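**Student:** Residue numbers (the numbering used here), protein chains in the order written: chain A, -13 to 124; chain B, 2 to 614.
Hints listed in this document are in silico derivations from the structure and should not be mistaken for laboratory results. Predicted model, so just to flag it, every value in this text is computed and none were measured. Yeah, the Cβ is synthetic: ideal placement off N, Cα and C, and Gly gets one too. A couple of the hints might just be wrong.
To be verified - List of simulated lysine-lysine pairs, BS3-like, C-alpha gap at most 27 Å:
1) Lys409(B) x Lys87(A)
2) Lys8(A) x Lys439(B)
3) Lys409(B) x Lys430(B)
4) Lys433(B) x Lys19(A)
5) Lys320(B) x Lys194(B)
6) Lys8(A) x Lys430(B)
7) Lys389(B) x Lys465(B)
8) Lys27(A) x Lys433(B)
9) Lys429(B) x Lys8(A)
10) Lys8(A) x Lys409(B)
11) Lys9(A) x Lys429(B)
12) Lys184(B) x Lys290(B)
13) Lys396(B) x Lys89(A)
14) Lys409(B) x Lys89(A)
15) Lys9(A) x Lys439(B)
16) Lys116(B) x Lys248(B)
17) Lys19(A) x Lys430(B)
18) Lys396(B) x Lys87(A)
19) Lys409(B) x Lys27(A)
20) Lys430(B) x Lys(-10)(A)
21) Lys9(A) x Lys433(B)
22) Lys19(A) x Lys(-10)(A)
23) Lys8(A) x Lys432(B)
24) Lys373(B) x Lys389(B)
25) Lys429(B) x Lys19(A)
Claimed, not checked - Which stretches of chain B does chain A cover? Using the computed rule of at least three CB atoms under 8 Å from a CB of chain A, they are:
26) 404 to 411
27) 417 to 425
28) 429 to 443
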Amino acid sequence: MKNKINTVLLLDDNAATNFINKKFITEADCAEKVLDFRSGKNALNYLNSNDVEAPELIFIDINMPIMDAWEFLEEYKQIEIKKKVKSVIVLLSTSLSPADKIKIEKINIIDDMRLKPLSIESVNEVIKQFFPTDKAVI
Amino acid sequence: MKQKPSLSTTNLLQQTPNPIAFLDTDFKFVRVSKPWLAKFKVTENETIGRPIFEVFPLFSGDWSTKLRYALDGLKDIQIIDPSTYGNQNDNSFIWNLNPWQDDKGNNLGVVLSVKDFTEINSLKLELQKTKNQLKEKANIAKIGSWEYAVASNLVYLSPLVREIFKLKDNDFLKLNDAVDLYKKGISRKKIRKAIFDAIENGTPWNQNLQLTSSDDSPVWVNIIGRPKFSNGRCTRIIGTIQDISEKVKLEQKTFVDKLPFENQTFFDLAPVGMALVDFKTGKLLTINKALKGLTGYSSQEIVGQSYEDFNIFKTVTQKNTAIGQLKKTQAFKSLTVELQNKNSLITPYLLTGSLITNVNNQRAVLISFEKKLQTTRINTELKQQLKKAEENTEKLVNFTHMVSHNLKANSVNFSLLLDFLENEEDDKKRKKMISVLKDGNKSLSETIKGLRELVAIRENTNIKKKALVLNAYIYKAEQNLSGVIRQHEAKIINEVPENTKVIALAPYLENILSNIISNAIKFRNPQKQPVIILNAEVQKEVTIISIEDNGMGMDLSKHPEKLFELYTTVGNALDSRGMGLYLTHYQVELMKGTITVESQLGEGSIFKISLPN
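Chain A with its partners taken away, still in its complex shape:
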């Protein structure tokens, strides 16, 4: 039986994208809860409250208006410290240039980068890579 992680957070300004990603994650059956937000601000507001668990996995769209992925992550670092957790952060983009990949590698907080929208395969790959079944879920 597969280990289910507790929460996956989706952050994309496009409603349809969120819908689709949510569907795939649900079909992959790898998480208890899937949350989606369309703005970094809303996501942070939700996550800052004390009785909310920090998600173990976060998929973020690179290009977002008002608060982009980088700004969100800056703030999210504080939440990680506060809640004493470390989430797996995956960046989503419509294209993956080698230049982007190199850029990402230099940034610690980001664990991986994937094409969007997700597919069942890519979701499974992410789960396998970061939440292997023989390890306890953090």
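Mind docking chain B on chain A? Use the hints.
**Tutor:** Chain B alone, transformed into the frame defined by chain A:
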């Protein structure tokens, strides 16, 4: 002034193996070396204190002249005087005359030394060269003396000097007339300055200057001047003048002849102005036809002058840069200098130079001159245009990226959603998917609409700005938005004075007003009735249109400029501002205006559009 040599000189003298003698300013022997006494078979007593002419009565007439030149500072004068050879089978020798000066440059007298022919054979060649330089086609007698008396302001010229200057009768000349004998321009300036410095500061001079000459061959002289003071004031200046025309000619000839060119033709026929400057002395050796044409100078006027005389380097730094580059890379590039041509017109030139060496290892700098014309202004304009074009391109590229990102995301989403829909049987879920599809379609339409507007803007750039009645366009915008205005019961208060006009492009003005008013309603405060106040202020340079609303307001504290940036959003209109503000900003910019926003969360916003009059 007679001075006894210091002890150190005496010691040196005792120990030197060469025959050397020191004469004072009266040409009396002051000290002699032992070898001297041996050579001439005289004793100290027979020499010290006695004038040289007494000791060597057989000297030819040349001697006193040359001794005087040496006294005046002329170095390395050589004399072969057979009359001085002893009766024995002495080997012939060469006399060497040099000025004897103390460290302040004051004349103490003359130093005589003697060298045997057999010792150093190359001296022969040296002598020949000196003779050639000094004497070739020139009479050694063409060195004369002159004197200027301050009190009378008259200059006395010796017969020899008058010969050099080609003057017939006058023994005496007024100072200005004497100065006018020098060639107008650099030479005359220099002599004036030299005289001034001598009288004011007691500074002696030794200069090579050019004389005014009516025929084609330039006349160059070396003039030495020494001020004399009495009671602290300068009473007179004395000096010598020597004709060095041939020497100058020879110097140039020597170099130019041996240039690495096959012949002079390339140089002379080059389409750009070119000059050759001796690297060591900085003197101009030759200039080509083109440069003569550009500057109006003839060869004679230029050649022999130092490049510094033309004040081509504005600052010492500029000069050092050029010289530094030459030393390092054997070339200098793109030096802008301002040359004053013969008619006193100052023009900027672009100089490029390279260092060349001839077979004798003499080095010269070959310089090309290009007129700079209006290059600077044209360059600046071009650069500005280029920058603008680059900015525009970048904007366009960004825009294209954004839009294609949008479109791609949308189309991918549609395919997936349609796939889901096909395979979904649950009614409720189907309904949800259809709703998502619809929203996606809406934002796609908005993106495409924005794109079309942008294209339309670009196509409109040929329309000229006109004076438009602002209120007419506000009215048009209200008409365009009548639906939403009514729907949300928005109140539009127009306080723009009746006939206010703005200089703008009609379609843009309409778009801008519509967009901002539409946003004001879109982002209204749900608790208040939307109220929008329009106003206009005509200032000297610009007219400012302000649109104030009582809507939700925005937090612009962090990134105010992002407001007008193009968002990638394809989201629901409710929490996105789409392309509206991006286009508005673009249109305002195209009209060379500016747009600013002030906003407070919960209170509202004010947009101010400033258009030039």
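**Student:** Okay, the region 417 to 425 of chain B and chain A, do three or more residues pass the C-beta test at under 8 Å?
**Tutor:** holds (count 3)
**Student:** With the threshold set at 27 Å, check whether the alpha-carbon distance from Lys429(B) to Lys19(A) stays at or below it.
**Tutor:** holds, 20 Å
**Student:** Please count how many residues of the region 404 to 411 of chain B have a CB within 8 Å of a CB from chain A and say whether that reaches 3.
**Tutor:** That given contact holds, which follows from 4 residues of the region 404 to 411 of chain B lying within Cβ reach (below 8 Å) of chain A.
**Student:** With the threshold set at 27 Å, check whether the alpha-carbon distance from Lys184(B) to Lys290(B) stays at or below it.
**Tutor:** With a Cα-Cα distance of about 22 Å, the restraint between Lys184(B) and Lys290(B) holds, given a limit of 27 Å.
**Student:** Run the distance test for Lys8(A) versus Lys439(B): straight-line Cα separation, threshold 27 Å.
**Tutor:** Distance of about 18 Å is within 27 Å: holds.
**Student:** Next pair to validate is Lys373(B) with Lys389(B); report whether the Cα-Cα distance is within 27 Å.
**Tutor:** holds, 25 Å
**Student:** Run the distance test for Lys409(B) versus Lys430(B): straight-line Cα separation, threshold 27 Å.
**Tutor:** Given pair Lys409(B), Lys430(B) holds - Cα atoms ~25 Å apart, limit 27 Å.
**Student:** Straight-line Cα separation of Lys433(B) and Lys19(A) no greater than 27 Å?
**Tutor:** With a Cα-Cα distance of about 19 Å, the restraint between Lys433(B) and Lys19(A) holds, given a limit of 27 Å.
**Student:** Is the Cα-Cα distance between Lys19(A) and Lys(-10)(A) 27 Å or less?
**Tutor:** Measuring from Cα to Cα gives roughly 10 Å; hence the hint holds.
**Student:** Checking one constraint from the list: CA of Lys8(A) to CA of Lys409(B), max 27 Å. Satisfied?
**Tutor:** At roughly 19 Å apart (the allowed maximum being 27 Å), Lys409(B) and Lys8(A) satisfy the hint.
**Student:** Can the restraint linking Lys409(B) and Lys27(A) be considered satisfied, given a maximum Cα separation of 27 Å?
**Tutor:** holds, 26 Å
**Student:** Does the structure keep Lys389(B) and Lys465(B) at a Cα separation of 27 Å or less?
**Tutor:** Measuring from Cα to Cα gives roughly 20 Å; hence the hint holds.
When held up to the earlier numbered hints, the structure conflicts with none and fits them all.
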